[in-house]
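J.: Chains A and B supply the protein sequences, listed in that same order.
Following my numbering, the numbering of the first sequence begins with 1 at its first residue and continues without gaps.
Following my numbering, the numbering of the second sequence begins with 1 at its first residue and continues without gaps.
Hints listed in this document are in silico derivations from the structure and should not be mistaken for laboratory results.
Here the structure is a predicted model, which is why all the values come from computation and not from measurement.
Ideal placement from N, C-alpha and C gives every residue a C-beta, glycine not left out.
Hints are supplied without guarantee of correctness; some may be wrong.
Residues of chain A placed beyond 10 Å of chain B at every Cβ, according to the derived structure [to be verified]: (1) 13; (2) 163; (3) 197; (4) 323.
In silico BS3-like pairs for lysine-lysine, Cα to Cα no more than 27 Å straight-line [what the hints assert, rightly or not]: (5) A:169 to A:139; (6) B:74 to A:155; (7) B:74 to A:212.
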Amino acid sequence: MRKRILSIFAPSLLLVLFLIVSCSKSGAPASGGAAAEPTNTLSAQILINGAGSTFDYPAFSQWFHAYAAIDPNVQFNYQSIGSGGGQHQLLNQTVDFGASDAPMTDEAMAGAPGKILHIPVVVGGEAICYNLPGSPKLKFDADTLAGIYLGQITKWNDPKIAVLNPDVKLPDLPLVVVHRSDGSGTTFIFCDYLCHVSPTWANTVGKSTSVKWPVGLGGKGNEGVAGQIEQLPGAIGYVELAYAIQNHMTYAEIKNAAGHFVPCTLDTVSAALATAQIPEDFRFSMVNAPGDNSYPIAGASWVLIYQNQKDPVIGKKLVAFLKWAITDGQKLSTQLDYAPLPDSVQQRELKLLDTVKY
Amino acid sequence: MNETAVKREMETVGVGGRHFGDRVFKGVTLLMALAIFGLVILIASQLLRGSQLSLHKFGWRFLTTSDWDPVNGKLGALAFIYGTLVTSAIALFIAVPISIATAVYLTELAPLWLRQPLIMFIELLAAIPSVILGLWGIFVMVPFLRDHFDPWLQKLFGFLPLFQGPIYGIGMLAGGIIVAIMAIPIITSVSREILRSVPGLQREAAYALGATRWEVTRIAVLSYAKKGLFGAVILGLGRALGETMAVTMVIGNAPQIVASLLAPGYTLASVLANEFNEAVTPLYLSSLFEIGLVLLGLTVVVNALAQLLLKTFAGPTVKPQH
Numbered sequence: 001m002r003k004r005i006l007s008i009f010a011p012s013l014l015l016v017l018f019l020i021v022s023c024s025k026s027g028a029p030a031s032g033g034a035a036a037e038p039t040n041t042l043s044a045q046i047l048i049n050g051a052g053s054t055f056d057y058p059a060f061s062q063w064f065h066a067y068a069a070i071d072p073n074v075q076f077n078y079q080s081i082g083s084g085g086g087q088h089q090l091l092n093q094t095v096d097f098g099a100s101d102a103p104m105t106d107e108a109m110a111g112a113p114g115k116i117l118h119i120p121v122v123v124g125g126e127a128i129c130y131n132l133p134g135s136p137k138l139k140f141d142a143d144t145l146a147g148i149y150l151g152q153i154t155k156w157n158d159p160k161i162a163v164l165n166p167d168v169k170l171p172d173l174p175l176v177v178v179h180r181s182d183g184s185g186t187t188f189i190f191c192d193y194l195c196h197v198s199p200t201w202a203n204t205v206g207k208s209t210s211v212k213w214p215v216g217l218g219g220k221g222n223e224g225v226a227g228q229i230e231q232l233p234g235a236i237g238y239v240e241l242a243y244a245i246q247n248h249m250t251y252a253e254i255k256n257a258a259g260h261f262v263p264c265t266l267d268t269v270s271a272a273l274a275t276a277q278i279p280e281d282f283r284f285s286m287v288n289a290p291g292d293n294s295y296p297i298a299g300a301s302w303v304l305i306y307q308n309q310k311d312p313v314i315g316k317k318l319v320a321f322l323k324w325a326i327t328d329g330q331k332l333s334t335q336l337d338y339a340p341l342p343d344s345v346q347q348r349e350l351k352l353l354d355t356v357k358y
Numbered sequence: 001m002n003e004t005a006v007k008r009e010m011e012t013v014g015v016g017g018r019h020f021g022d023r024v025f026k027g028v029t030l031l032m033a034l035a036i037f038g039l040v041i042l043i044a045s046q047l048l049r050g051s052q053l054s055l056h057k058f059g060w061r062f063l064t065t066s067d068w069d070p071v072n073g074k075l076g077a078l079a080f081i082y083g084t085l086v087t088s089a090i091a092l093f094i095a096v097p098i099s100i101a102t103a104v105y106l107t108e109l110a111p112l113w114l115r116q117p118l119i120m121f122i123e124l125l126a127a128i129p130s131v132i133l134g135l136w137g138i139f140v141m142v143p144f145l146r147d148h149f150d151p152w153l154q155k156l157f158g159f160l161p162l163f164q165g166p167i168y169g170i171g172m173l174a175g176g177i178i179v180a181i182m183a184i185p186i187i188t189s190v191s192r193e194i195l196r197s198v199p200g201l202q203r204e205a206a207y208a209l210g211a212t213r214w215e216v217t218r219i220a221v222l223s224y225a226k227k228g229l230f231g232a233v234i235l236g237l238g239r240a241l242g243e244t245m246a247v248t249m250v251i252g253n254a255p256q257i258v259a260s261l262l263a264p265g266y267t268l269a270s271v272l273a274n275e276f277n278e279a280v281t282p283l284y285l286s287s288l289f290e291i292g293l294v295l296l297g298l299t300v301v302v303n304a305l306a307q308l309l310l311k312t313f314a315g316p317t318v319k320p321q322h
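For reference, chain A alone in the conformation it holds in the complex (with noise of 0.2 Å):
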């Protein structure tokens, strides 16, 4: 008995050590950053809690990393457990600041314990990804876009799209519409913009981080609808820009509010960030900005964090870290794909940020 399980529990044990072994050789580093950082563990270390949105986590990665360069004492814990995640902890004070990509409501802030300030710290674009064979540039604009996705535009070489496409030979194929299933902040931005530029989108499927989806399959993430383009031939969908850039993906040019086709950059995204109006609690929508060189696509993902902050120390490490991230971090959120935030919004956040009470 015991010779029969050896015979079988050896060669599993020893096939699990050789890939733990494989895998630790194999291993990048790159995690090993904040929370190996020889830091005077004597001194008191500040931990600073953070949670929401998945589409600024990268960049919160980055960020994290390389302040520890700047502020040892400091350490953060970010959890991307969503936009929706994030407002309710920060709502419910457990964790110190909450990023998001869509901004809280009136009736979500009347609940709060205390002001909420939005500071935009990252802008992203969504580029309107597609899988058709030999992968042609296509162009789009806000009508055939909202017939797409409300189930108006159904095969590929239907007139609408061949208008705007005059050199390209569409296939017969069928449109296979692709959206994000999950609640997301890039479904709010992409319905931002089918509102803003469709009566018949606005009334009958409206805006929010989810919605009724008249037609198309659901995939889960940014990666769960990239996943779904490359299988599918004929999909479309949307994704974030840099989810689409790093994973070759094709994507189209979209007709912007001035009349002009812009692909999906980051200096489009930044023009458009430019050009829209920003109130003066940077609750904003940038969809379908003017200017001639603004991608209509995009929006900014905030990071809420309460006026009056209860804890002095921990409050102005974080007042400190956003004033690095939102200057000196937007270099490092560009290497991921991130448009900048032009100088004008910098300082307008500088000045909120100093409103901040300890």
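Starting from the known structure of chain A, fit chain B onto it as the hints suggest.
T.: The following block gives chain B in isolation, referenced to the frame of chain A:
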């Protein structure tokens, strides 16, 4: 002490025994058992509490409407219930023949040296994490379904509304197949135990009457173990109902009720996994709680049924295996 003396002793002092240590032992184990029971009650009560808003607003309509519109506050769970039941049905349709045949092979026909490795492989299948199976599903199974299997099904059975409509690869059929893969190990293991517990006398009697190998299996083993096998299947169904990640990745996540198995669908577990994090309005959150309640209720009923069936078959001769 002989048997009667032990029995008399137990009757006078109770099962706990007259030693203090034994009573402590009994108390601690009772506490652990009650803790588990309490946990289940706690989960159910939390779900009930969370779904109050939705229960008051929608009542029974929640279970009969398939409209899922969070923006306009019109929410109904019928599409998810339909999706859950259909994927489970497909899964059982595929898994039951495979599992029972495997169990029969393992207990009746396999050479002794093959049994242990085969059993190990089946248990390995059970150990594969749901997400890994989902990834395999998206990158390997779905293209295969889309390019080869679904068109073949549509060619052969296209006259049935079950196989009509556009082919994405992703859909109810893909979800059902993935769940089948996850249910097979459980149904096989439990069926194996059930079949092993069939008394040898039954088989010998059948052989004595001149039955062939297959007839012995059919008459003496399978029909004797019918109820127990049914219980094993229900246990597999209980697992199938709760599968989340793998199903979410391949089912298409579209809350609709259509006859075609090739169309995308949505299950109770998938909608919870997808939308719970970002549910911002109280009514929306409450509806998701209610979906959790429905899923819990469904799972409890199915599992209780399985346990009942297994117990009535097994009786006093076989110890329940878990």
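J.: Each of the hints needs a verdict: does it hold here or not?
T.: Cross-check of the supplied hints:
{"no.": "1", "hint": "13", "in the structure": "holds, 14 Å"}
{"no.": "2", "hint": "163", "in the structure": "holds, 25 Å"}
{"no.": "3", "hint": "197", "in the structure": "holds, 17 Å"}
{"no.": "4", "hint": "323", "in the structure": "holds, 29 Å"}
{"no.": "5", "hint": "A:169 to A:139", "in the structure": "holds, 13 Å"}
{"no.": "6", "hint": "B:74 to A:155", "in the structure": "violated, 30 Å"}
{"no.": "7", "hint": "B:74 to A:212", "in the structure": "holds, 10 Å"}
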